[in-house]
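Since chain A is already given, all that's left is putting chain V on it; use the hints.
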Amino acid sequence: MIKILKGTISKIKNIFFHRGISIFLLRIFLGLMFVYASIHKINNPVDFSQIIAKYEILPFWAINITAIILPWLELWIGILLIMGIFVRSCAIIQCGLLVVFILSIGFNIVRGLDFYCGCFPEDNIFSGTNYLHITLNIFWLLMAILLFMLERRRFSHRFLMLLFSKKTDV
Amino acid sequence: MTIKWKKVAFDVIIIMVVAIFIGFLANELRANKVSLVPSHIKSLQYQTISINEFSQFQHTNFSGFIFDARPHNYYEKNHLPNSVNFPVSEFDFFYSLYLANVSIDTPIFIYGRTLSQTYDLELAHRLSLKGYRNITVISEA
Numbered sequence: 068m069i070k071i072l073k074g075t076i077s078k079i080k081n082i083f084f085h086r087g088i089s090i091f092l093l094r095i096f097l098g099l100m101f102v103y104a105s106i107h108k109i110n111n112p113v114d115f116s117q118i119i120a121k122y123e124i125l126p127f128w129a130i131n132i133t134a135i136i137l138p139w140l141e142l143w144i145g146i147l148l149i150m151g152i153f154v155r156s157c158a159i160i161q162c163g164l165l166v167v168f169i170l171s172i173g174f175n176i177v178r179g180l181d182f183y184c185g186c187f188p189e190d191n192i193f194s195g196t197n198y199l200h201i202t203l204n205i206f207w208l209l210m211a212i213l214l215f216m217l218e219r220r221r222f223s224h225r226f227l228m229l230l231f232s233k234k235t236d237v
Numbered sequence: 008m009t010i011k012w013k014k015v016a017f018d019v020i021i022i023m024v025v026a027i028f029i030g031f032l033a034n035e036l037r038a039n040k041v042s043l044v045p046s047h048i049k050s051l052q053y054q055t056i057s058i059n060e061f062s063q064f065q066h067t068n069f070s071g072f073i074f075d076a077r078p079h080n081y082y083e084k085n086h087l088p089n090s091v092n093f094p095v096s097e098f099d100f101f102y103s104l105y106l107a108n109v110s111i112d113t114p115i116f117i118y119g120r121t122l123s124q125t126y127d128l129e130l131a132h133r134l135s136l137k138g139y140r141n142i143t144v145i146s147e148a
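For the record, the sequence lines run as chains A and V.
Every number in this note's numbering is 67 more than the matching position in the first sequence, counting from 1.
Every number in this note's numbering is 7 more than the matching position in the second sequence, counting from 1.
Hints may contain errors.
[Stated by the list, open to error] Derived BS3-like pairs (lysine-lysine); straight-line CA-CA distance at most 30 Å:
hint, chain 1, residue 1, chain 2, residue 2
1, A, Lys121, V, Lys137
2, V, Lys40, V, Lys137
3, A, Lys121, V, Lys84
4, A, Lys121, V, Lys40
I should point out that these hints are in silico values taken from the structure, not numbers from a laboratory.
The shape of chain A in the complex, shown without the other chains (with noise of 0.2 Å):
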């Protein structure tokens, strides 16, 4: 009965705990997030570089040029997680991004500025300059680095490692 349990519960513990697995679950959550998180800023760039703007942040010609590019990076990466391609170059990327937005709103929680920050759609729970916000990102800032250091390979489908290159990095 022990042996039968034990059993069980080493099988189960493969499962969750295969890094196959693990790697497809973060690089799919992190990926659709991202790309969550990016289609509203797409559908309105106007607004992203006003909300960006209020950070007070950047200097004023650098609110445009912002505003038109981190959407579609954030797409950009989202999808190629999802696809499985540069995985371990994008979750670098979105580390350098969530540490950037984390700094962005601790900031201005120090200075006392409350405003909807811009990163989901204004309805969203997760939306707000508030400690919420912090520690969800510092939560998907530590699994896009247990991303990195679980994916070994440059992409994560056999058939694109073949593609690509004929000597894999595995």
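Positioned in the frame of chain A, the structure of chain V alone reads:
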């Protein structure tokens, strides 16, 4: 585990370049595109004066308006002596309040810039569209 940083860096550059390219291309193709530099910064229909020059000028012969174009909370914290708050976000209201019956040749001095927002240039641009010709923007430098 050895991380091949050169490959990672190369991929990061590729991802960034593609994202920048797609971003600019999509912006060019869309109807409500965002200009790289705001239109009020491009149109230079006003003079500029440094804050030191302005303080000297103010002591000698001054007539006209000094507008602080920032939002009210910024104006409350600090503002130039004798300036009045003219938040550019409420342009129509403050225009009718201060300038409804004022000649378009009246000297207008505008102050109010933050790191990310050019309230002064926006107000100068909007007043120039109304026909005011004697507009001077007071710069920090």
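Against the structure, the hints come out as follows:
no., hint, in the structure
1, A:Lys121 <-> V:Lys137, "holds, 27 Å"
2, V:Lys40 <-> V:Lys137, "holds, 25 Å"
3, A:Lys121 <-> V:Lys84, "holds, 17 Å"
4, A:Lys121 <-> V:Lys40, "holds, 20 Å"
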